[in-house]
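When we follow the numbering used here, the leftmost residue of the sequence shown carries the number 509, and every step to the right adds one.
Hint data in this document are derived by calculation from the structure and do not stem from the laboratory.
Bear in mind the structure is a predicted one, so any value in this text is a computation, not a measurement.
For each residue, glycine too, the CB sits at the ideal point set by N, CA and C.
There's no promise every hint is true.
Restraint-style ranges between C-beta atoms, simulated for each label pair [to be verified]:
{"#": "1", "residue 1": "H525", "residue 2": "G583", "range": "19 to 25 angstroms"}
{"#": "2", "residue 1": "E562", "residue 2": "N584", "range": "28 to 34 angstroms"}
{"#": "3", "residue 1": "H603", "residue 2": "R575", "range": "31 to 37 angstroms"}
{"#": "4", "residue 1": "G524", "residue 2": "N584", "range": "30 to 36 angstroms"}
{"#": "5", "residue 1": "K567", "residue 2": "R534", "range": "25 to 31 angstroms"}
{"#": "6", "residue 1": "S540", "residue 2": "Q585", "range": "21 to 27 angstroms"}
{"#": "7", "residue 1": "S563", "residue 2": "Q585", "range": "17 to 23 angstroms"}
{"#": "8", "residue 1": "R515", "residue 2": "S540", "range": "16 to 22 angstroms"}
{"#": "9", "residue 1": "W514", "residue 2": "D600", "range": "25 to 31 angstroms"}
{"#": "10", "residue 1": "P565", "residue 2": "F535", "range": "27 to 33 angstroms"}
{"#": "11", "residue 1": "S602", "residue 2": "P565", "range": "19 to 25 angstroms"}
{"#": "12", "residue 1": "G583", "residue 2": "H603", "range": "30 to 36 angstroms"}
{"#": "13", "residue 1": "R534", "residue 2": "N584", "range": "24 to 30 angstroms"}
{"#": "14", "residue 1": "T539", "residue 2": "G583", "range": "19 to 25 angstroms"}
Straight-line Cα separation of at most 20 angstroms, EDC-like style, residue types lysine to aspartate or glutamate; simulated pairs [to be verified]:
{"#": "15", "residue 1": "K590", "residue 2": "E557"}
{"#": "16", "residue 1": "K568", "residue 2": "E557"}
{"#": "17", "residue 1": "K567", "residue 2": "E518"}
{"#": "18", "residue 1": "K567", "residue 2": "E557"}
{"#": "19", "residue 1": "K568", "residue 2": "E518"}
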Amino acid sequence: MRMESWRRGEIIFFTGHSPFPTYLYRFNLTTSEYCSCGGIGSKLHYATECPLTESWPLKKPASHLMRIWLRQVAGNQHSRNKFFNIIRFILDNSHLFSPDP
Numbered sequence: 509m510r511m512e513s514w515r516r517g518e519i520i521f522f523t524g525h526s527p528f529p530t531y532l533y534r535f536n537l538t539t540s541e542y543c544s545c546g547g548i549g550s551k552l553h554y555a556t557e558c559p560l561t562e563s564w565p566l567k568k569p570a571s572h573l574m575r576i577w578l579r580q581v582a583g584n585q586h587s588r589n590k591f592f593n594i595i596r597f598i599l600d601n602s603h604l605f606s607p608d609p
């Protein structure tokens, strides 16, 4: 894998940094780590479970296969395009992803 050809959205996804509620909550930048759909707002949640991002479906891996899954999808351009589109959608529609106060 060569990092220099990665786009910003892909880097955001694979590092798990903002805009994910679990990341923001860890630094007290938000009051909740939950997505507006009720799930824990992690990168895996948005990629595999969240109904707001079901336009870019990915199958959730078993927990013991997570590292292998991440390595495989990081090396697959089609999967990286899905992550890029998910991140772009989240950033463009951030009001949809924050839980109700």
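Is it true that R515 and S540 lie within 16 to 22 angstroms of each other by Cβ?
-> 28 angstroms, violated
Can you let me know if the beta-carbon spacing of G524 and N584 is within 30 to 36 angstroms?
-> 19 angstroms, violated
With a cut-off of 20 angstroms on the C-alpha distance, tell me whether K590 and E557 pass.
-> 14 angstroms, holds
Assessment of proposed distance window 27 to 33 angstroms (beta carbons of P565, F535) = 30 angstroms, holds
If you check the beta carbons of W514 and D600, does the distance land in 25 to 31 angstroms?
-> 20 angstroms, violated
Would the pair K568 and E518 pass a check requiring their Cα atoms to be no farther apart than 20 angstroms?
-> Holds - the C-alpha atoms of E518 and K568 are around 18 angstroms apart, at most 20 angstroms.
C-beta pair S563, Q585: status relative to the range 17 to 23 angstroms that was hinted = Check passed, 18 angstroms falls within 17 to 23 angstroms.
Within a Cα-Cα threshold of 20 angstroms, do K567 and E557 meet the stated pairing?
-> Distance of about 8 angstroms is within 20 angstroms: holds.
Do the beta carbons of T539 and G583 sit within 19 to 25 angstroms of each other?
-> 37 angstroms, violated
Just tell me: holds or violated, for the beta carbon distance of H603 and R575 against 31 to 37 angstroms?
-> 33 angstroms, holds
Assess, step by step, whether the Cα of K567 is no farther than 20 angstroms from the Cα of E518, and give holds or violated.
-> 18 angstroms, holds
CB of K567 to CB of R534, is that within 25 to 31 angstroms?
-> 27 angstroms, holds
In this structure, the hints that do not hold are numbers 2, 4, 6, 8, 9, 14, in rising order.
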